[in-house]
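**Student:** Required output: the full structure, derived from the provided sequences and hints.
Listed below, chain by chain, are the residues.
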Amino acid sequence: MAKHHVTTTINGEEAEYLCEPQETLLDVLRDEVGLTGTKEGCSSGDCGACSVMLDGRLVCSCLVLGVEAQGKTVETIEGMADGEELHPLQQKFLEEAALQCGFCTPGVLIAAKALLDTNNNPTETEVRYWLAGNLCRCTGYDKIVRAVMDTAADMRGA
Amino acid sequence: MSGMRYEAPGSVDEAVALLADANGAARVLAGGTDLLVQLRAGMISPDVVVNIKDISETHGITAEGGGFRIGASVSGAEMGENAALVAAWPGVVEGAELIGSTQVQGRATMTGNLCNASPAADGVPALIAGGATCTIAGPNGTREAPVGDIPTGPGKTSLGNGEFIVAINLPARPANASDAYLRMIPRTEMDIAIVGAGVNLVLDDDGTCTAASVVLGAVGPKTITVADAAAALVGSKVDDAALEAVKAAASAAATPIDDKRGTVAYRTKVAGVLAARAAAIAATRARS
Ligand SMILES: Cc1cc2nc3c(=O)[nH]c(=O)nc-3n(C[C@H](O)[C@H](O)[C@H](O)COP(=O)(O)OP(=O)(O)OC[C@H]3O[C@@H](n4cnc5c(N)ncnc54)[C@H](O)[C@@H]3O)c2cc1C
Ligand code: FES
Ligand code: FES
Numbered sequence: 001m002a003k004h005h006v007t008t009t010i011n012g013e014e015a016e017y018l019c020e021p022q023e024t025l026l027d028v029l030r031d032e033v034g035l036t037g038t039k040e041g042c043s044s045g046d047c048g049a050c051s052v053m054l055d056g057r058l059v060c061s062c063l064v065l066g067v068e069a070q071g072k073t074v075e076t077i078e079g080m081a082d083g084e085e086l087h088p089l090q091q092k093f094l095e096e097a098a099l100q101c102g103f104c105t106p107g108v109l110i111a112a113k114a115l116l117d118t119n120n121n122p123t124e125t126e127v128r129y130w131l132a133g134n135l136c137r138c139t140g141y142d143k144i145v146r147a148v149m150d151t152a153a154d155m156r157g158a
Numbered sequence: 001m002s003g004m005r006y007e008a009p010g011s012v013d014e015a016v017a018l019l020a021d022a023n024g025a026a027r028v029l030a031g032g033t034d035l036l037v038q039l040r041a042g043m044i045s046p047d048v049v050v051n052i053k054d055i056s057e058t059h060g061i062t063a064e065g066g067g068f069r070i071g072a073s074v075s076g077a078e079m080g081e082n083a084a085l086v087a088a089w090p091g092v093v094e095g096a097e098l099i100g101s102t103q104v105q106g107r108a109t110m111t112g113n114l115c116n117a118s119p120a121a122d123g124v125p126a127l128i129a130g131g132a133t134c135t136i137a138g139p140n141g142t143r144e145a146p147v148g149d150i151p152t153g154p155g156k157t158s159l160g161n162g163e164f165i166v167a168i169n170l171p172a173r174p175a176n177a178s179d180a181y182l183r184m185i186p187r188t189e190m191d192i193a194i195v196g197a198g199v200n201l202v203l204d205d206d207g208t209c210t211a212a213s214v215v216l217g218a219v220g221p222k223t224i225t226v227a228d229a230a231a232a233l234v235g236s237k238v239d240d241a242a243l244e245a246v247k248a249a250a251s252a253a254a255t256p257i258d259d260k261r262g263t264v265a266y267r268t269k270v271a272g273v274l275a276a277r278a279a280a281i282a283a284t285r286a287r288s
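Read top to bottom, the protein sequences are chains A and B. Under our numbering, read the first sequence as residues 1 to 158, first letter to last. Under our numbering, read the second sequence as residues 1 to 288, first letter to last.
Please keep in mind that the hints were generated in silico from the structure rather than gathered at the bench. Accuracy of the hints is not assured; some may be wrong.
If we take Cβ atoms under 7 Å as the criterion, some of the chain A residues that face chain B in the derived model are [unchecked claim]:
id	residue
1	S44
2	G45
3	Q100
4	A132
For every residue, glycine included, the Cβ atom is placed at its ideal position computed from N, Cα and C.
**Tutor:** What follows is the structure in structure tokens.
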């Protein structure tokens, strides 16, 4: 079957790739585009390790076909820092050790940023529900939630 | 899945033609949150996948004739962001918003939830209770059907070859009317309902219920419309006695399965509890 030629915008830059119709955006990002920061945990929408922004919406890239990104904008963890300057969430996760193996971290950061971009004063309950689709098997959720709450507090103070 | 074709038509007619030509070997792609999982698991292997999200008729939530038209590509997140829809149909929106995580909400549609035809679909009971209809496009033009007529059993729908749903329509709301949806899951998030209950009701100026509908999900192969529970509400002030009757009627109507997530006895009891609670919430909303 013919491959599809897809033109899209990834982290602010125009990108092109060829993909099979059944390949997911996750497959394409990792295997065709070479952006391996987005992780594959389950490929069934359950773990959130593959979280990216698609046209400004938080989605699981394992539940999007690569061809569906045609003409859209995709934001991945690789675009989160501003050059060498880490995003405040990234900085806070390091300072507060809100990660252990780090496998869930790109997805958690993308999801947390999506929340703070629309609400910089979330309650702990809001943070926990928002991140319910991001599974972490080692850190435990308290440190992650606290790092998000502390980043939000810093952002409000700034 | 090798050899699968992908199409993203820009019009309803093109989509119908693609679906009809495939003679049952096509699948509509909306949010993909069921479809991609089923593709990956090898549960389905369509010849062609037809993405309907580029068709403008499937977009947007529009106020129409006092009610709402919700396009088949509209995600749960978009529904939750529409203040007018949330105010008029809080139960329909809470059903749609219970589907999956924030990530899943960004994609999942109510129409996909309906057409996936899972007995436990969270978006469906409140739609049926609310008297929603769907606009279906097909080779013979467009037709309307009640939402409840679409699922015919687990994974099966009444849609014919070449047909797909373009939009779901919620009727005009009389004064003092509201709805609610509640579900029971063994966890607090990200799980499949073992019972769901949607209630829609209308009160008169004295607070007496003049119309009601009570619909259960996940306690049978299809949703169950509990006429006895509705009858217990109509004519009452939705007081404790009426709610007790709703509870008994809903439990009596439930025909759940037994599995590791919930026993028959438990699901039967919870069906009654949730139906009564949802009725109380809908009444409180209708009064305010
Ligand atoms: C992690 C996770 C959690 C979930 N949690 C829940 C939950 O809590 N509750 C729940 O009810 N569901 C849940 N689901 C299931 C799923 O998200 C929902 O059923 C969702 O609403 C499906 O909508 P969709 O737009 O993604 O459908 P798709 O996957 O695009 O389509 C689903 C089916 O419907 C057909 N279809 C779609 N649109 C149309 C149309 N317009 N006309 C005709 N046929 C159509 C497709 O061909 C396919 O067979 C979950 C899924 C995941 C991955
Ligand atoms: S890999 Fe996408 S949700 Fe787990
Ligand atoms: S840090 Fe290991 S999974 Fe979260």
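**Student:** Taking the hints in turn, state whether each one holds.
**Tutor:** Right, here's what the structure says about each hint:
1. S44: holds, 5 Å
2. G45: holds, 6 Å
3. Q100: Hint on Q100(A): violated, closest Cβ of chain B at ~22 Å, above 7 Å.
4. A132: Since the shortest Cβ distance to chain B is 4 Å, the answer is holds.
Figure legend: structure checked against the earlier numbered hints; the only hint not met is number 3.
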